[in-house]
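Starting from the given sequences, assemble the full structure and let the hints guide the process.
First to last, the protein sequences are chains A and B.
Those letters in the first sequence? Residues 1 to 368, per the working numbering, in order.
Those letters in the second sequence? Residues 1 to 362, per the working numbering, in order.
Because the hints were derived from the structure by calculation, they are not lab data.
A virtual CB, placed ideally from N, CA and C, is assigned to each residue, including glycine.
All the pointers check out, no bait thrown in.
Ranges between beta-carbon positions, derived for each pair:
#1 L33(A) <-> G70(B): 23 to 33 angstroms
#2 G60(A) <-> K115(B): 12 to 22 angstroms
#3 A135(B) <-> P177(A): 19 to 29 angstroms
#4 S113(B) <-> L35(A): 29 to 39 angstroms
#5 D244(B) <-> R252(A): 47 to 57 angstroms
#6 A15(A) <-> E136(B): 46 to 56 angstroms
#7 K84(B) <-> T21(A): 51 to 61 angstroms
#8 P177(A) <-> S113(B): 24 to 34 angstroms
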Amino acid sequence: MSDREITNLRLQAFALSTLQTVGPVAASIALGLGLAGLLVALLGASPTQFFTTLWAGTLGSTYGFSQVLFKATPLIFTGLAVALAFQARLFNIGAEGQMVIGGLAMAWAGASFPGLPFPLGVIEALAFGALAGGLWGAIPGLLKARTGAHEVIVTIMLNFVALALANYLLANHLALPETVRSAEVTAGATLPRFSDFWSALRGSPLNLALLLGVAAAILLELWSNRTPVGFSLRVLGEGPKQARYAGLPLARLTVFAMTASGALAALAGSNFILGYKHYYEEGFSAGAGFQGIAVALLARNRPIWIVPSAIFFGLLSYGGLVVNSIVPRELIDLLEAVILLFFIVFDRMLRTLPDRLLLLRARAPETP
Amino acid sequence: MRGVLRGGPSTMVRGGARWIAFGLALFLSPGCGGEGAKKDGHAGADGSAAKSGGTAPYHVGLVFDVGGLGDKSFNDAAYRGLQKAKTELGIEFEYLEPGEGSERDAALRQLASGKAQLVFGVGFLFTDDIKKVAAEYPDKKFACIDYTWQEGEPVPANLAGIKFREEEGSALVGALSALLSKSGTVGFVGGMDIPLIHKFEAGYRAGFLAEKADGKVLVNYAGVTGEAFANPAKGKELALAQIDRGADIIFHASGSTGLGVFEAARERKVLAIGVDSDQQAEAPGFILTSMVKQVDVAVFESVKSAKAGSFQGGVRVLGLKEGGVDYINDANNAQWITPEVKAKVEALRAEIIAGSFPVPSK
Numbered sequence: 001m002s003d004r005e006i007t008n009l010r011l012q013a014f015a016l017s018t019l020q021t022v023g024p025v026a027a028s029i030a031l032g033l034g035l036a037g038l039l040v041a042l043l044g045a046s047p048t049q050f051f052t053t054l055w056a057g058t059l060g061s062t063y064g065f066s067q068v069l070f071k072a073t074p075l076i077f078t079g080l081a082v083a084l085a086f087q088a089r090l091f092n093i094g095a096e097g098q099m100v101i102g103g104l105a106m107a108w109a110g111a112s113f114p115g116l117p118f119p120l121g122v123i124e125a126l127a128f129g130a131l132a133g134g135l136w137g138a139i140p141g142l143l144k145a146r147t148g149a150h151e152v153i154v155t156i157m158l159n160f161v162a163l164a165l166a167n168y169l170l171a172n173h174l175a176l177p178e179t180v181r182s183a184e185v186t187a188g189a190t191l192p193r194f195s196d197f198w199s200a201l202r203g204s205p206l207n208l209a210l211l212l213g214v215a216a217a218i219l220l221e222l223w224s225n226r227t228p229v230g231f232s233l234r235v236l237g238e239g240p241k242q243a244r245y246a247g248l249p250l251a252r253l254t255v256f257a258m259t260a261s262g263a264l265a266a267l268a269g270s271n272f273i274l275g276y277k278h279y280y281e282e283g284f285s286a287g288a289g290f291q292g293i294a295v296a297l298l299a300r301n302r303p304i305w306i307v308p309s310a311i312f313f314g315l316l317s318y319g320g321l322v323v324n325s326i327v328p329r330e331l332i333d334l335l336e337a338v339i340l341l342f343f344i345v346f347d348r349m350l351r352t353l354p355d356r357l358l359l360l361r362a363r364a365p366e367t368p
Numbered sequence: 001m002r003g004v005l006r007g008g009p010s011t012m013v014r015g016g017a018r019w020i021a022f023g024l025a026l027f028l029s030p031g032c033g034g035e036g037a038k039k040d041g042h043a044g045a046d047g048s049a050a051k052s053g054g055t056a057p058y059h060v061g062l063v064f065d066v067g068g069l070g071d072k073s074f075n076d077a078a079y080r081g082l083q084k085a086k087t088e089l090g091i092e093f094e095y096l097e098p099g100e101g102s103e104r105d106a107a108l109r110q111l112a113s114g115k116a117q118l119v120f121g122v123g124f125l126f127t128d129d130i131k132k133v134a135a136e137y138p139d140k141k142f143a144c145i146d147y148t149w150q151e152g153e154p155v156p157a158n159l160a161g162i163k164f165r166e167e168e169g170s171a172l173v174g175a176l177s178a179l180l181s182k183s184g185t186v187g188f189v190g191g192m193d194i195p196l197i198h199k200f201e202a203g204y205r206a207g208f209l210a211e212k213a214d215g216k217v218l219v220n221y222a223g224v225t226g227e228a229f230a231n232p233a234k235g236k237e238l239a240l241a242q243i244d245r246g247a248d249i250i251f252h253a254s255g256s257t258g259l260g261v262f263e264a265a266r267e268r269k270v271l272a273i274g275v276d277s278d279q280q281a282e283a284p285g286f287i288l289t290s291m292v293k294q295v296d297v298a299v300f301e302s303v304k305s306a307k308a309g310s311f312q313g314g315v316r317v318l319g320l321k322e323g324g325v326d327y328i329n330d331a332n333n334a335q336w337i338t339p340e341v342k343a344k345v346e347a348l349r350a351e352i353i354a355g356s357f358p359v360p361s362k
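Listed below in structure tokens is the structure:
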């Protein structure tokens, strides 16, 4: 084989892997937006107005973009939570419940220690939140490791338990009178907003939780690629039998993965509780725990890709409000679902593409 | 107030269920999780057919609470008020339906930064957000339905907080129950056990005892969480227990939990009283009346005064006198509310309005 042929093959491989990585994302987004335009027209509104309003209200203005990032922040955390568990092939559908339990603990801790100055108060509140969310996440991990109970069922069910428990605690102990929210956290447990430093963002709730999220994504990426535990987790994910043969402590890894996942999901609450409203409120999670599944899926569970994926979903989420006076909100939900479905289909198609090409080539001589 | 509360938790649970279904769909099969638009005729930026006058029509923006348009109760009533203002006052309006959690102030800000001259927040959840946004846009007017307010608390000059005296309307249906109950025992089913709902209970009890001092009011609450506003099975169970103990009229203030109360009334052939809007259609023949909160009137009147330039900030409390609460009396319930019965209830109304019958609120 000549050098030229090898270079050619390399180029082909590169082109294929690029196509496989970027192709499904680009194609599904393009198709989804096209379909949205069609639906807007069917609803009797103007697609041009729809897209210009969407653009101007989100990416086209500083304030709008900051709102998109604000929406993306909790999704970074919940996306990371789902992705981390998935590296060990564990489906954590319970990020919502972990976020609720962790958020309640975070709000309580943030309001309960008034003496702590700025960074300490935040760290303490985050620690309590992560601890509570981690413990909540550990339950399905333990059940899986000890009894083999499927984590999908357990995490789904625990979501309901978490909501009921949080509502009960809120209603009976933590809520201020005539409201469905807790007391405000202390000044020392408050994450500063970007608008404090930059006047163009006046009124924007974007806060330092975003940077925490990005830092978490980078750290998790490094951790899962460069540390023995991160590697073990991936081995477990690739094949439990092989992992057992390699002598890895499967039970401990399972519990660890779910605990860390729960702790990450809990940190998603920091955006709202420490950075935005400064209290826990019924419904504050707004489905971010569930949306984290979609975020992780689009990012193919790679921690570093979670950030752009979360921003994309944040864009749709805030965009829904921006275009709400033109089209019903459900249109954006629909768009989200359609893009994901396209993505799953394209991803599968392109992943099996090389095999099918090989098959064609192998058959080629036989066909006349 | 109750209406909003109900909107909150129940939609949260519904939203959660939807997302779980969505998550499952991702893993189990590539089924489509997209819901069709559940609302009929989303008119979008209404009033595109602007009245062609010399000046642009008055522009009103409104943000619905989490329940959203189509809840057959609170939000729909606010929408009716807007539509009435559109046909009678020639205004144009637009509305937003933010989801749960974090978008309320973003939605208010979006409307305030646009064409809207008056911006509504529908529901007590808006209290903090609208206060903040009103301060950011001093040249715009704001109004909040079911504003949460403690006596003496300052309110921005460009914000009108609207509250209702639910206890006064409840007192009227309480008196009505006393006049029509054969057993002398009636029931009250509340949703979540909180001061808000206690107002309904206290008013109902006071009105009932005013007409039947030796009668008995059985009281039950469906729970202590938001779930309590969305639990028809529990509502039915509580109502059946009250009927077993002799109640022959039951008033509910419990959101969709009340649908269970109606079911029990239908099963045992007793009467039930609806709440918030006219609930006659939920169990025809078994709904004595409904204690209604005139959210539509409040919205309409606010638009009218703002348009006329007589907008006033501060808190306004709407009771019987202001037409903010009332009970339904029409052809559907004329068989029970005879002229004699009505005369007595109306006499109580006059006393409440005159202030000679103070209605307790807790």
